[in-house]
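S.K.: Sequence:
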Amino acid sequence: MNNYILQSRVFGLLRWVLIALLVVATVFPFYYMAMMSFVPIEDLLRNPLRIVPDFGSVTIETYQRVIASEEEGGFGFGRFMRNSAIVAVAATMLTMVLAVPASYAMTRLRFAGRRTISAAFLAVYMFPTIIIAVPIFVGFQLLGLGTSLFGLTIAYIALTVPVSVHMLRSYLKGIPESIDEAALMDGASRWRILTRITVPLAMPTIMSTALYSFMIAWNEFLFALLFLSAKQDLWTVSLGLTRLADGQEVSRTILMAGSVLLTIPIVVLYGIAERWLTDGLTAGANKG
0 MNNYILQSRV FGLLRWVLIA LLVVATVFPF YYMAMMSFVP IEDLLRNPLR
50 IVPDFGSVTI ETYQRVIASE EEGGFGFGRF MRNSAIVAVA ATMLTMVLAV
100 PASYAMTRLR FAGRRTISAA FLAVYMFPTI IIAVPIFVGF QLLGLGTSLF
150 GLTIAYIALT VPVSVHMLRS YLKGIPESID EAALMDGASR WRILTRITVP
200 LAMPTIMSTA LYSFMIAWNE FLFALLFLSA KQDLWTVSLG LTRLADGQEV
250 SRTILMAGSV LLTIPIVVLY GIAERWLTDG LTAGANKG
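Sequential numbering of the sequence shown, starting at 0, is according to numbering that gives the first Met the number 0.
Don't take each hint at face value.
[Unchecked claim] Quick list of simulated restraints, FRET-style, between CB atoms:
(1) Gln6 - Phe220: 53 to 59 Å
(2) Glu176 - Asn2: 21 to 27 Å
(3) Arg14 - Ala181: 44 to 50 Å
(4) Val137 - Glu41: 46 to 52 Å
(5) Leu21 - Asp232: 39 to 45 Å
(6) Val88 - Ala67: 30 to 36 Å
(7) Val51 - Asp232: 52 to 58 Å
(8) Val137 - Glu176: 41 to 47 Å
[What the hints assert, rightly or not] Below are the SDA-like pairs computed for lysine to any residue, each with C-alpha atoms no more than 20 Å apart in a straight line:
(9) Lys230 - Gly73
(10) Lys230 - Tyr211
(11) Lys172 - Leu200
(12) Lys172 - Leu183
(13) Lys230 - Phe110
(14) Lys172 - Val133
To be clear, the hints were calculated from the coordinates, so they are not data collected in a lab.
Don't be surprised by glycine CBs; every beta carbon is placed ideally from N, CA and C.
Could you put together the complete structure from these sequences and hints?
M.R.: Listed below in structure tokens is the structure:
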């Protein structure tokens, strides 16, 4: 056996070992969290180190209690998830409406101060959230929007637009400007070029950027705490989860069920977006 064959076999074995370790490190925490959420608290206390549950005792009672309203003896996660969905969907849609034309303008149009504006977007993107959170909250309080889902949505746009413009601008730079020039010579307007040519070609990045913006708005905690802490009926799901984590009488199974409910929408949307990403890439290839 020569050295080439020996090295090929060793690295081939190490590759599968590394893949197995990464899969275990990625999947096992979510599996254990989901497993605990379906196990009665009595079974968990009897055997806290159990990895495989007793399928005969699996129950969804924990989820029913987490989702039910306070009046029904639950923790109100159904309302928290509805509030989070409203804020995250609205913030994502408004972010894309603003970020797509802005990124197109900074990559295709020539105007005074373009480099300065581009650098400003990057600078805001690099600021820690805590630095801009308090000034935004104070300003919104003066405008009377400090304790509302509408105000929180607008505040999230301040977080998601800079990063979205930065991501889209990098992709649009890779689309040849000769396509726009040919369309202009054929009489197409800038708006028509943006909506009929640039957006379809950039759809994979637009979808991934929208998903990233949704994840920021769905999981964000600091702004939600500043804006909504005084109004529990407007809490988002991230605030609701802290209520479970801080409760002295809340069982671990309840906390794990809340964590699963916080995670599932992101996983589902990623699965949907992945299919759209593939379709977008194929459509872009067909357009040549």
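S.K.: Would you mind marking each hint as holding or not holding in the structure?
M.R.: Hint by hint, here is what the structure shows:
no.	hint	verdict
1	Gln6 - Phe220: 53 to 59 Å	violated (48 Å)
2	Glu176 - Asn2: 21 to 27 Å	violated (51 Å)
3	Arg14 - Ala181: 44 to 50 Å	holds (46 Å)
4	Val137 - Glu41: 46 to 52 Å	holds (49 Å)
5	Leu21 - Asp232: 39 to 45 Å	holds (42 Å)
6	Val88 - Ala67: 30 to 36 Å	violated (24 Å)
7	Val51 - Asp232: 52 to 58 Å	violated (40 Å)
8	Val137 - Glu176: 41 to 47 Å	holds (43 Å)
9	Lys230 - Gly73	holds (18 Å)
10	Lys230 - Tyr211	violated (27 Å)
11	Lys172 - Leu200	holds (12 Å)
12	Lys172 - Leu183	holds (18 Å)
13	Lys230 - Phe110	violated (45 Å)
14	Lys172 - Val133	violated (35 Å)
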